[in-house]
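Each chain, written out:
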Amino acid sequence: MNFNLTQIPDRTKKPRNHGLTMVMDKGLSLEEAKNFLSVASPHVDILKLGFGTSFVTPNLRQKIELYQSADIPVYFGGTLFEAFLIRNQFDDFVNVIKDYGIKHIEVSDGSITIPHAEKCGYIEKLSKIATVLSEVGSKDAEHIIPPYKWIELMNAELSAGATYVIAEARESGNVGIYRGTGEVREGLVQEILTKIPSEKIIWEAPQKAQQLYFLELIGCNVNLGNLAPHEVISLEAMRIGLRGDTFHLFLDKA
Amino acid sequence: MNFNLTQIPDRTKKPRNHGLTMVMDKGLSLEEAKNFLSVASPHVDILKLGFGTSFVTPNLRQKIELYQSADIPVYFGGTLFEAFLIRNQFDDFVNVIKDYGIKHIEVSDGSITIPHAEKCGYIEKLSKIATVLSEVGSKDAEHIIPPYKWIELMNAELSAGATYVIAEARESGNVGIYRGTGEVREGLVQEILTKIPSEKIIWEAPQKAQQLYFLELIGCNVNLGNLAPHEVISLEAMRIGLRGDTFHLFLDKA
Amino acid sequence: MNFNLTQIPDRTKKPRNHGLTMVMDKGLSLEEAKNFLSVASPHVDILKLGFGTSFVTPNLRQKIELYQSADIPVYFGGTLFEAFLIRNQFDDFVNVIKDYGIKHIEVSDGSITIPHAEKCGYIEKLSKIATVLSEVGSKDAEHIIPPYKWIELMNAELSAGATYVIAEARESGNVGIYRGTGEVREGLVQEILTKIPSEKIIWEAPQKAQQLYFLELIGCNVNLGNLAPHEVISLEAMRIGLRGDTFHLFLDKA
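Protein chains in written order, with the numbering used here: chain A, 198 to 451; chain B, 198 to 451; chain C, 198 to 451.
Isolated chain A, as found in the complex:
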């Protein structure tokens, strides 16, 4: 950090196993990705190539290598996994993963419906070749999952081999753990936390008010996801109490 300030909360350091910031790249050019890394690299733990953007992005191989050479693991958005699956191309998916030297995989069912045992089967199988992040929650705003079910799903997926479970929000932050307005389903989140360790959950939280909620609830080292690349420095300042919203959060109450 650039200056000496007292009462700055302890952030975990890379490689972190919690306190993660997961960023969504939805089509940066190579040069933009380099610029992004030059300023944000110490604060980015994992990078998602959002939904199916990796299918249409030129220079995909170079971009993956660029991130990996900065020690930032890359994975394809779960929508791509689902796109292969619904086309009966699971083996092709595995080959793509291997071909691109990808070491992290998201297993999700946000757009498709599969029996949960089958989803856990994919988690188990893929966890043998990569670190698996599994996502819980539907992209369909009409499809409400009750809290006890979120807990059951998360537990089963962690047992099946997922290293983290991701709580769904979409890029816009208006489904899954949020209402259509972006407001946090607080009861849901708090009930989940009675049963699942917060270190194992990555909360998709693209909006500032959502990030603030989790910083207040869990602390500066909460795992947050779906950050836009240009928001990473702002989030890092906010995590340690150097933004108006969190200014008093970590100060000694004297």
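Heads up, some of the hints might be wrong.
It does not matter which identical chain is used: a pair holds within one copy or between any two.
What the hints assert, rightly or not - Cross-link-like lysine-lysine pairs, in silico, BS3-like; alpha carbons within 30 Å at most:
no., residue 1, residue 2
1, Lys450, Lys322
2, Lys211, Lys231
3, Lys300, Lys325
4, Lys450, Lys300
5, Lys405, Lys231
No wet-lab data here; the hints were simulated from the structure.
Keep in mind that this is a model prediction, so the values were computed, not measured.
Following the hints, position chains B and C against chain A.
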């Protein structure tokens, strides 16, 4: 495309005469424009220098050449045309067009009121020196044009020599074919489509929900405009069913 | 400017003492800052490193030098000043300012409560080593300051040595001189202007509708702040009537 996936709808290829993506540059630097092209070039068909930004942007000549050398035609936002016109500087406008080697022109009346025959006169005259895109719809939210009138205006402008008609939305997507909330005036759009071929219309659709509406209504090769540069890759993924919103749109119904 | 257009209002030229555009950088990389300057430099008068982002941004020294070498003064967001102050590290703050060669300082009390005489004491002291911009208004939406009090505070701070007073809005534009919806508190603004010269006030106005309000009220050379870097060219076009919103604002009424 980077992988083999079945059931990907057929996108038209450049140079496209429909399936267009029109992007609004409202002040990119040369370097940013290069970065943008390096990732989005295959997916950008035409580029608008938004409203009067070309008046204040440094390196304008180089930027126009940069886009043109990537085979992407450039035009000035209609507001600039109107700014010359209201100052009785139409001839100056033509000279600027020639001086900068511009081959595409937008003729609009979003901020000014001119008799429609006069507007069509400009379209006719300018279509002799360039490809004309004419824009229908007012930037004034209070000025509601009934559907039959949209159709009359569009037909007359195409007859006068416009290659495409653009349906107005502004950069923010809240006038013209949209309500103040950004919601599509669906009845209007559907009535227009009974009389004007969709291939001839570029729908300004800066918001994701607006893009989705047109993809569902018209298909993956709908002409869409006013895209922000960094949204082009996302849109392309969405066009072919690789984003949650359009995931099921192009899959075989078995 | 790139073309000849009549009836373009007279913008002040750099170095301006009013007509200022103040930009908030909340974590640009060096390369991004260079790109930004290459297009926006003539239109940027002062640059704020937003809230505590300067604490976590790598290459801070080089970035400050980069802006300063383009004759754009840099200052730390007031939240950083307050973060030092609440930790009883005022002297450390002064040393940081000197160490980084900073010549502009924001003195604010948006997140902390200090007696106003004490705030004015800091303004007086710091104005001996730098140009002081002092900010009036709380980041706390519940904390409403009545108009006469805004005027008292602004007058006292200008008398204490502030070169400009900044009217608080946060990055999001929803506190201070705005309602939670972003709507301008028009009565407040107009009452302030009966007593404080508009040349001495920088209005934080991150939203387009807010910029428009001040352009209509005060004219093209109003001081505006908290602009996002990529909005500077758009704002400049809007300032001189080359955007739909301001198209008629500066035209001769014949």
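So, going through the hints one by one against the coordinates:
1. Lys450 to Lys322: Intra 49 Å, inter 29 Å, cutoff 30 Å: inter-copy only.
2. Lys211 to Lys231: both (19 Å within a copy, 29 Å between copies)
3. Lys300 to Lys325: within (11 Å within a copy, 57 Å between copies)
4. Lys450 to Lys300: neither (44 Å within a copy, 34 Å between copies)
5. Lys405 to Lys231: both (25 Å within a copy, 27 Å between copies)
The structure shown violates just one earlier hint, number 4.
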